[in-house]
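Participant: Here are the chains, one letter per residue:
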Amino acid sequence: MDNKADEKFNQSEPNTNQSLKSKIRLQTAEDVAERIRSNPDDFLFPYDGFNYTEVNVSVEGERIVVKARSEDLPGEDVYLFVVDNGSLTLKSYLLEALPLSVKEKAISVALSNETVYENAERYVTVRRVLPHTAAKFYLPKEVFSVTWHGDRVVSALVDLDEERVVRVFIS
Amino acid sequence: MVRKMRCLILLASLILLPVVAAGSSAEVVKVVSVPPEPVPVQMGGMEKVYENVTKIAIEPRYKHLRLMPGEESEFTVKLKNPGEKDVVIEPKVIVFPFMENYVDEDWISMDREKFVLKAGEKAEIKIKVKVPEDVEKGYYSCIIAFTNDTFPMPYSVKPFYVNQMSLGVNVWIPPKIKIYPKFIDDRVEAGKSYEYKIYVENTGDEPVKMNPELFKGEDVYYDPFSPVSWIDESHVTIEAPSVVQPKSKAVVKVKVSVPSTAKGMLKGTVKLNVEDPGLDEWMQRVELNLRAYEKPSEPFVKVFQVSNATKVTVKVSASSYGRSAEKSCDFDVKIFSPSGVLSVKPSKLVEEVGVALSGNKLPPWEEAEGIYTVTSYRKTEIYTVENPESGTWKVEILPSCESFTLSVEVE
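The listed protein sequences correspond, in order, to chains A and B. All residue numbers for the first sequence refer to our numbering, where the first residue is 45 and numbers rise by one. All residue numbers for the second sequence refer to our numbering, where the first residue is 26 and numbers rise by one.
Next up, chain B with everything else stripped away, as it sits in the complex (with noise of 0.2 Å):
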């Protein structure tokens, strides 16, 4: 197996929390190890607690495999000894009793069991695992520790062992049906339809039934500054067929009015409930995320007179921030001689991206130097008048956004 940049990037210092595997839950039948009784620990910080352990570099620390039940797949772990006394290495699958799913002792084999490790010497290992062929579908997790060392840990029950690696095993079935898209984002505005088109496509050689439905979750938003609320379903109508063809792709429309009072985030999920053994129940659901504005009926007026003038200039800017701001920004301007409304078009459109290149601007554990992320979106237009008639000008803004400047200049 190829081995990985990842690897190294792991490579000094590191422990690493046990994985606790999510996925269905499995009864639990047997311990292959019993931690050791937890103790209250001084926060001294790290080099205290790695005063009287010797620590070896362990290549890779995390294994994450993908292996349908039946399969099994073999990778290497490199072990060096960089102190200056020898090591006892005796290689052991751990598992705790509390978690959900873990990778029983008897999928794994090695090629190794207890040897010493020399100080400054190398060795390798080669670690099989083999799913059983009756395992269920789900996340599989466990440790394997390479020395007995362990300290225990602050908030925690489940101790570190010094020496270790992490490894997770995904047993899936491949499934036979792709959804796309598994996100729906949209703003939206208050008492208006929009529909929207998800695909299912079945790659397999049999029809597949499918039955989809608005959720409607139980959960509590968290944001308190825009309200959140769902979907009800009354304000949503889904159309499907009942059964994907196979080596077909079917549409599932799902038709949305939203309310006229609706305001801040919209959300829902329309699970798919298709009868895919592949296919968790998280992934076949798509989740809707519309943010609902109300657009004023009336413009906004800015009258003002212009006298003996060479030229009017008005000026229209919008902001919005965040990754879809661009989306966001949005508005209607009519001029008014006082003649009346002017057939004219903006003789110049700016538009500003607000880029970051972190530095000062993120907290210190996004280490993003270097990298462009979009903050901020503002779009202007402007409108020129050359020899504008003496009168009252009026000019009128009807926005989809949430705010915005307007300037006038009459020379």
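Extracted from the complex, chain A is given alone in its bound form (with noise of 0.2 Å):
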């Protein structure tokens, strides 16, 4: 068994705004990104389904930037994992990579209500968001967000399983 992985859940740790903790005790960068690349499944989330057929890893300084891509689906995931004194964060993400049913969907989920349908111009995102991210806003479970960036961005928080609306941002 991997001792690394160990330490990590022997420590449990508050979650934090920005981040969530591994304690996996590593080296450097390049060493977690030599990981990434040999594993990906280890440390990445495609969507449900899915797997990634193509995975980038590139090392900025502490900054290990992942952008994956599956032949079955249009679009792009992006990890941005930081290692800071010896610990993994996954900083932040971007996940791109759907089905275009599951984007047209949430599109027409979030549309459904009334707000974002009154504000909502110009082009149109759908992201994946995390259980860890979600747990700030809704319920800790995989969930969508549908934003339109315009003049103003307006975006729904959207819950497919519930087919509904759960959080509306307005910039």
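Calculated from the structure, these hints are not laboratory results. It cannot be assumed that every hint is accurate.
[Unchecked claim] Keeping only pairs whose Cα atoms sit at most 27 Å apart, straight-line, the calculated DSS-like set for lysine-lysine is: (1) B:Lys80 / A:Lys180; (2) B:Lys336 / A:Lys180; (3) B:Lys143 / A:Lys149; (4) B:Lys88 / A:Lys180; (5) A:Lys111 / B:Lys207; (6) B:Lys292 / A:Lys147; (7) A:Lys135 / B:Lys103; (8) A:Lys149 / B:Lys292; (9) B:Lys203 / A:Lys149; (10) B:Lys278 / A:Lys111; (11) A:Lys149 / B:Lys88; (12) B:Lys203 / A:Lys111; (13) A:Lys147 / B:Lys153; (14) A:Lys147 / B:Lys207; (15) A:Lys147 / B:Lys105; (16) A:Lys147 / B:Lys162; (17) A:Lys147 / B:Lys288; (18) A:Lys147 / B:Lys296; (19) B:Lys143 / B:Lys155; (20) A:Lys147 / B:Lys222; (21) A:Lys180 / B:Lys103; (22) A:Lys149 / B:Lys296; (23) B:Lys288 / A:Lys149; (24) B:Lys105 / A:Lys135.
Assembling the complex is the task here: the two chains are given apart, and the hints tell you how they should meet.
Facilitator: What follows is the structure, encoded as structure tokens:
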């Protein structure tokens, strides 16, 4: 068994607003990048039922940027990890690799909200929101952010299981 | 099985709704556990809900397996009791009567049954999942609850088991056929024809029949800002062989004639109808998304006067937004002096890419800080004419974009 992974489980730590921390004892960002290249399934979260067929890992100082694609999905997932004092953190992510049908359903649900419908303009993106982020605004489960990028940003947080908008953001 | 980092990410204060599986329907023959009656709940915050409940740490919270009929897999669930009270662990499989496809209790075996997890201690349970040979292809799911603590959810009859994990099993048959691409996006000019190719590769040892056709959906489309319509089958011709030979690749040609009156988004789906049991119907679809525009037949004309000038500078810019912004920014420029059209190329080309670094530009639930996202594209061509002839000059611009800006400087 991997003692580094054991150590990460043994220490409970509250979530921060910005990141989730792992206590994997790692040497450098290059070490981590190599581990991600070798075992992407251990670090990444493709949309349910799909696998990444292309994973690009680049190191920028202590930042590790991972761009992943699936041949069965349009779009790209981007992950930003940070190695800081031996801890690996998933600092940010942008997950847009989704089936078109899921995107369309999410947009449809978002537009069923009157506030969103009346304010949305310009182009739209649909992104996955992982459970650890969703927990801060709704529930710890995977939901979707449907965002229109116009003069104002209008966004709906959508629970596709319940087919409803759970939060709305207007900049 | 290698532990996954994602398990830690889902570690603290996570409760997951059961995943309702998609896929082919299955007859419900058995309910393993009857859920408690739903009770109206005041929305008083998560702390209040967890007041009298002991939560344990469970890793992983999600487990997703892909198995063929007859295959099995084993994984380990780690439990930790961070509290001050001992907890009775009694793992059991939970399904709900309204789940479409569920993992049957018979598929699952565990190496531990009921035991006490003392305060501050850890334990592991090995869980084996074996898919019966006669199970149909599809997505199956269930909950594995480790204690009997529940609380009901507002707006849902499904209660939450406080200490649970979700198990999803994708029962699959490896497809022999590979299809590429699955999505065809293009910007098309009204009145023109386009040909697209879909490649169908047979990696198996037997020939596979196929019968591609255009599928016309009945869905009403969602975009109120731009017309969206289905591509009519009278505007599409599909050429394809009826059989894909083993170890070979076939080409499906899709020819689209864009109506001269087409506007907005044209959508279509090509269903390949391949006889491969490993491919669900939706896996054999290729989506067409064509953004139609009408190129103007007459250019925009700007006339200006030059008198004893040393230089004329003409600058033309076009912008677009979104990920495919670069494709939709183009224009043809002609410059006329009093003597006629000039053969002049841009002396300078500027491309500007708008990139967002999140922050206050994105909603708070898009934690994309530090990630670059392309939001816009702007292309500028600058034409310079030294010692221009005095008289009336003209600039003509024929755009392939929705809007542009033009500036003329006479020095």
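Participant: When the structure is checked against the list of hints, which entries are broken? Sort them ascending.
Facilitator: Result: hints 2, 3, 10, 13, 15, 19 break, sorted rising.
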